[in-house]
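> Quick mapping for you: the protein sequence lines, in order, are chains A and B.
Under the working numbering, the first residue of the first sequence carries the number 1, and numbering increases by one thereafter.
Under the working numbering, the first residue of the second sequence carries the number 1001, and numbering increases by one thereafter.
Note that these hints are calculated values from the structure, not bench results.
We put the CB at the ideal spot given by N, CA and C, even for glycine.
Some clues are possibly wrong.
A short, non-exhaustive set of chain A residues, derived as facing chain B with CB atoms under 8 Å [claimed, not checked]: (1) Val50; (2) Val61; (3) Arg64; (4) Thr99.
The chain contents come next:
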Amino acid sequence: MPDSLPTENGLGNTDPPAARRRWMAVLARADAGQLAGLLEAWGPAPAYRVLRGPESGLVMVRGRAGGTGGRFNLGEMTVTRCTVRTEPSDQGQAGSGTTGHAYVAGRNGAHAELAALLDALMQDPEQTAGLHAAVVAPLAAAQDARRRAVAGKAAATQVKFFAMQTTR
Amino acid sequence: MTADPTQPGFANPVAESQASFRAVMNAMARPGRLHEVGAGLSPPAPLHPATAAVLLTLVDGETPLWLDPAAGPARDWLAFHCSATFAATPAGCAFALALSLPDLAALPAGGDETPETSATLILQVAALGSGAPLRLTGPGLQEPAVLAVDGLDGAFVARWADNRALYPRGVDLVLCAGTTLAALPRSVTVEEAG
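For reference, chain A alone in the conformation it holds in the complex (with noise of 0.2 Å):
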């Protein structure tokens, strides 16, 4: 994948679909259970109604060699998707509701609704700061200190050739 995992948790960038695209990838990569457990203990999940989905199909996912040759076919890849529209809440929440998109590597269709409903929650400006630290800090950290273990494993097999450079 293109993009680097984001590793920031701040909201710094006030560019509001930069914002949206960082959380929507954090989501989508997020584990399922961690999710769904956040997004339990958030608070009481909101009334939302299922536009589309949770439905699996492939795409294609393509490489170019060396980041800059022709584009070549890498190979096919199982996504799940899902789009939900919360209700508008009894509490006076603004508009009719907002449609939240969520696609998901895999065929867990739950974390794909899942991740779709947190899409739509935190369009709601009244939330998004708030779920923002209760759910996706969480689960960016979670990534980050993931990524950080693989490539620190990856690193202590890594092989100096030039030992001579090294050592001078």
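Using the hints, position chain B against chain A.
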């Protein structure tokens, strides 16, 4: 994606689209017979459930859809659930959705060697089974059938005669109202009953 749909599509896409495909197929084979489709759908206004079911079943990204401007509010819903692409003019469409009788001659009628490239018009009317009766004859009808349509333009019979004259070219028509549909393939001859 800029579409912001607010209504769901089929609850069970595979089974329901197969059922409504079968209804459209049988309706085409037996012109004028009424079929029930789309029960349980809650499409956005101004679409009726039957109209929505036919569109969900037939339209996809490879079949440009021409929308009657009056059906504009349903555009987002169609773009999202059908992955529909929209034709700018009637001449460029594979399916046309209309809420009032459009100019049939403006829709693609196919060629003499490629009659399958013609358009299918999905026309939403007020009601089927009541209103002005039409007498149908042609393939698929051993005896003339009578189809009553409420809300069809008075000029329809004359315009359909022009369309019928083009055979094997010409436009096929699916009439939808509520959760009922009936079809008029290009081969059918329509007269006012009476």
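> All hints are to be evaluated individually against the structure, with a verdict given for each.
Against the structure, the hints:
no.	hint	verdict
1	Val50	holds, 6 Å
2	Val61	violated, 20 Å
3	Arg64	violated, 25 Å
4	Thr99	holds, 6 Å
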